[in-house]
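Visitor: The whole structure should be built from the sequences, with the hints applied where relevant.
Which chain is which? The protein sequence lines are F and V, in order. Per the numbering used here, the very first residue in the first sequence carries number 4; after that it's consecutive. Per the numbering used here, the very first residue in the second sequence carries number 5; after that it's consecutive.
One or more hints might be untrue.
Beta-carbon label-pair distances, calculated as ranges [what the hints assert, rightly or not]:
| no. | chain 1 | residue 1 | chain 2 | residue 2 | range |
| --- | --- | --- | --- | --- | --- |
| 1 | V | 59 | F | 43 | 31 to 39 Å |
| 2 | F | 43 | V | 158 | 54 to 62 Å |
| 3 | V | 116 | F | 43 | 33 to 41 Å |
Here are the simulated DMTMM-like cross-link-like pairs (lysine to aspartate or glutamate), alpha carbons at most 20 Å apart as the crow flies [said to hold, decoys possible]:
| no. | chain 1 | residue 1 | chain 2 | residue 2 |
| --- | --- | --- | --- | --- |
| 4 | F | 84 | V | 728 |
| 5 | F | 42 | V | 142 |
| 6 | V | 758 | V | 728 |
Treat the hints as calculated values from the structure; they're not laboratory data. Note that the Cβ used here is the ideal one computed from N, Cα and C, for glycine as well.
Spelled out, the chains give:
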Amino acid sequence: MYSLLRAALLIALLCLALPARAQLVVIVNAAAGVEQLSKAQVINIFLGRNREYSNGQSAVPLDLPASSPDKALFYRNLVNKDLEQMDAYWARLVFAGNTSPPRLALSALDAVQQVSTNPGAIAYVERKDVNSSRVRIVFSVGGVNN
Amino acid sequence: MPRRPLRTRLNMRSLRNSLRLRTLLIVGGTAVLTAALFIMITLSITQRQMEQQARASLDELIDAMSSMASIACFAQDVTLANETAQSFLKSSAVARVSISAGNSVLALATRPDAQISAADIQRSITRQVSSPFNEGEEVGQVRLTPNWPEINRRIERMVRYGAGMMVALACCLVGAVALSIGVLVIQPVKNISDQLHALDAAEGGMLGQPLHHEDNELGRLVLDINALLGRFRSALQLKHEMHLAQVLHERTRLSAAVFEHSQEGIIITDADNRIVTVNEAFSQITGYSTDEAVGQSPNFIASGRHDKDFYAQMWASILGTGHWKGELWNRDKQGEIRPYWYSISVVRDNGGAIANYVAIFSDITEHRLALQRIEFLAHHDTLTNLPNRVLTLDRFQHASATARRDGTGVALLYIDLDNFKYVNDSFGHKAGDQLLKIAAERLKQQVRETDTVSRQGGDEFLVILPNVADEAVVLRIAAGILEALARSFEIEGHALGISASIGITLFPQHGKDFDTLLKNADAAMYAAKAAGKNTCRQFTEDMNVDALDKLKLKALLGTAIENDEFRLVFQPQINIETKAIVGAEALIRWRHPEQGEISPARFIPLAEESGLIVPIGRWVIEEACRQGKQWFDAGLGPFVVAVNVSAQQFNNGDILGLVEEILYGTGFPAHYLELEFTESGLLNDICHSISTIEQLKSLGVKLAIDDFGTGYSSLSYLKQFKVEKLKIDQSFVRDIGVNAESLEIIRAIIQLGKTLRLEVIAEGVETENQLQTLRALDCNEAQGYLISKPLPAADWMAFYQSWMARHGMPSGSVAPSPQQPV
Chain F
4 MYSLLRAALL IALLCLALPA RAQLVVIVNA AAGVEQLSKA QVINIFLGRN
54 REYSNGQSAV PLDLPASSPD KALFYRNLVN KDLEQMDAYW ARLVFAGNTS
104 PPRLALSALD AVQQVSTNPG AIAYVERKDV NSSRVRIVFS VGGVNN
Chain V
5 MPRRPLRTRL NMRSLRNSLR LRTLLIVGGT AVLTAALFIM ITLSITQRQM
55 EQQARASLDE LIDAMSSMAS IACFAQDVTL ANETAQSFLK SSAVARVSIS
105 AGNSVLALAT RPDAQISAAD IQRSITRQVS SPFNEGEEVG QVRLTPNWPE
155 INRRIERMVR YGAGMMVALA CCLVGAVALS IGVLVIQPVK NISDQLHALD
205 AAEGGMLGQP LHHEDNELGR LVLDINALLG RFRSALQLKH EMHLAQVLHE
255 RTRLSAAVFE HSQEGIIITD ADNRIVTVNE AFSQITGYST DEAVGQSPNF
305 IASGRHDKDF YAQMWASILG TGHWKGELWN RDKQGEIRPY WYSISVVRDN
355 GGAIANYVAI FSDITEHRLA LQRIEFLAHH DTLTNLPNRV LTLDRFQHAS
405 ATARRDGTGV ALLYIDLDNF KYVNDSFGHK AGDQLLKIAA ERLKQQVRET
455 DTVSRQGGDE FLVILPNVAD EAVVLRIAAG ILEALARSFE IEGHALGISA
505 SIGITLFPQH GKDFDTLLKN ADAAMYAAKA AGKNTCRQFT EDMNVDALDK
555 LKLKALLGTA IENDEFRLVF QPQINIETKA IVGAEALIRW RHPEQGEISP
605 ARFIPLAEES GLIVPIGRWV IEEACRQGKQ WFDAGLGPFV VAVNVSAQQF
655 NNGDILGLVE EILYGTGFPA HYLELEFTES GLLNDICHSI STIEQLKSLG
705 VKLAIDDFGT GYSSLSYLKQ FKVEKLKIDQ SFVRDIGVNA ESLEIIRAII
755 QLGKTLRLEV IAEGVETENQ LQTLRALDCN EAQGYLISKP LPAADWMAFY
805 QSWMARHGMP SGSVAPSPQQ PV
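Guide: If you want it as structure tokens, here you go:
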């Protein structure tokens, strides 16, 4: 009976732990005219495939530094790749092609700052870091709205 | 190894060749077909595999490049796409590559040296490219056009290499098979075949075991063949023995049949010469049966005709040489003694001792008679049964040998019947043959038993007198023969009188051999004939010359006229009373440029024999007339020109036409031409002679009978002939004063002339006495050496003129007045 109890307890603990994880969202300048983006649109923009919105506004993606755990989390959740794989991807394109990876933001705050000031900018940050009304959450990573 | 005939060797070679060739063909063909099949299969498999492989490697290539392509397509990065495309082209199997994302072509790269057909593009490999981040999402496609020419080249290389290997393998295989068949099968079979060819099975030949093949199929084959040869040989031997037995049996049967059915008598005796058996023919010939003969000595049929020496010689031959052949006279059971031809042989046993004597004999009575007849015919003349030339020669050889030994001599009497031709012509050959038979009988009566009388042919006989010691004996016998043949012959109711001329030669004085003696005797006989016939002459050397080269003379005579070798001489004829020259007898002379003067006595008989007398006679008449005409034209004469005409010319030549033609041609007056005939010439064909003479007389020609008194004068004929003149033969004139008989004959002839009103001329007057005698007998004319020898035409005129002048007469009238003869 203990073992059953212990398993149930473990499952409960795990379920309790999930809400503790940080929730990443994709934000754009509120003046960009974009209300919402699909996951495929987010992927296209961040992986250099199509860097403009559906209204023709060009999109400038911003990446977080590699030291940020959110970066790995973002790509894991977005395309299920780790950062090394992402580096290899970009290495190919940078080495042979002419597509460049997103510009690096200094931090999440910097990313929010750049998005809020640059109408084309787009970045991923933790929901709790979205503190400006000039940015708009257009996609929630790990959310159901994709 | 003995040389086999070429054909056999060729056959062997072709057989061997065909075997080896066939093996090669089969193995090689199979190998080639198999190789070809394998190559084809391999080719198609290889091609498919290579193609698949090419596709697979292209797939792999695409796989290898997919991440890049995926990224390029995803990122729609033209540069990366181009980079990726270039990477694809690094594989030579790729001719062209295009990378596209959605509807836009990101990169299109083509190998510069590639030649791409539309079909190649159709066969391109297209691969969808999915997103690097979402396997399910297709973000583009890669389209590869394989470099088919290059791929095909590679396939071809592979296939060629494979095929080469295969062919090499096939060749090695075929070579190995052919070599092993040659060494293991063909060579040993050839050896066996060669041996079989060289082998004579009947001689016991066997095949040798082939080396290294003793225990295999070939070894067993040789053993089988040898066994077969053995069986064949024994069968052959058996057959040969049976054949020998058959031959022996056949021979024995034949011998028995020959013995029994032989037409010749056969006597077989034992070693002691006791009769063991005789055959049927023996009994038939001798009359004694087999039972009577067996156990006897063969001499029980001896005739007793042969002496002891004969039998001793016979036995010496039998025992010495093993056989004897010869004649034996036997007495048969009836006691008749006949000759038999015997062949006696000795039969010896294997040890060489005498086992039997075999005598084979046949009756040769008929044979002997026939032989005797043949012998007689071969040596005798069938008409007279006298020895012929062959036997005569034999007799002479015998006689001459005896004469040489005894120092005596042999005489040959060559006898020729005078005027035999006349008998033959007048009374026929039958009468002639009868006369010859009688003559032969008379000749035999005249000689001794040891002498030989033979007939040489025609009317010629030869008598050989051996052992002649005294010539007088020969002459006496010759005289006896002449006398015997001069007696008249009673034939078919006619009493025919002929005579003979005999030439005598003596061995060894007149010749050492028969031919010479015979030739000389012939010459002597002619001399006897020339001497007036009915006489004999002994040979002298000068006769020989006459007889020589008769044939040569005949040949020369043939060309004498055309070579102008004849000429005429003229002998004056005078009137005994007035001494006036009344005629000239033309006489022919022949001078041959090499042979010199040839006497008419030699060549006239030859001319008569050969028929040349006709042209010669014609020449004489023509020349005489020509000459006479010339003299008359010169004012000489006139006188008669007398020409001798041969019997042949008178009888056979057209004398009438000839004389007429000549008289016309020369212009000589006919009544001064006198033709002289001999009695015998006129008597050949009396009717013809009478008519011819009458016709000649009608031309005006005068006729005289020459040599009157020597032939068969018949007064009645003489009257019928109506000639003008008789010419007394010189033999009578010569005998005037010697032989009273001749004088009487001359007187009779002159009387006859007077009675028949014929003129009479005497020839051969050589002495004044003869001339006076003739004058006293009232002979009209004379000619002879007393007056003049025959003169050449050139001398005639001088002689004529001087003679006439001497006797007080004119030498000629200016125009000769022809006088008709009385």
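Visitor: With reference to the structure, classify each hint as holding or not holding.
Guide: Hint by hint, here is what the structure shows:
Between residue 59 of chain V and residue 43 of chain F, the C-beta spacing of about 34 Å keeps the proposed range 31 to 39 Å intact. Look at residue 43 of chain F against residue 158 of chain V: about 45 Å separates their beta carbons, and that is not inside 54 to 62 Å. Distance hint check for residue 116 of chain V and residue 43 of chain F: the Cβ-Cβ separation is about 40 Å, which falls inside the suggested range of 33 to 41 Å. About 196 Å separates the Cα atoms of residue 84 of chain F and residue 728 of chain V, which puts this hinted pair outside 20 Å; it is violated.
Our distance criterion of 20 Å between C-alpha atoms is met by residue 42 of chain F and residue 142 of chain V, whose separation comes to about 16 Å. About 11 Å separates the Cα atoms of residue 758 of chain V and residue 728 of chain V, which keeps this hinted pair within 20 Å; it holds.
In summary, the structure is inconsistent with hints 2 and 4 from the numbered list given earlier, while agreeing with the others.
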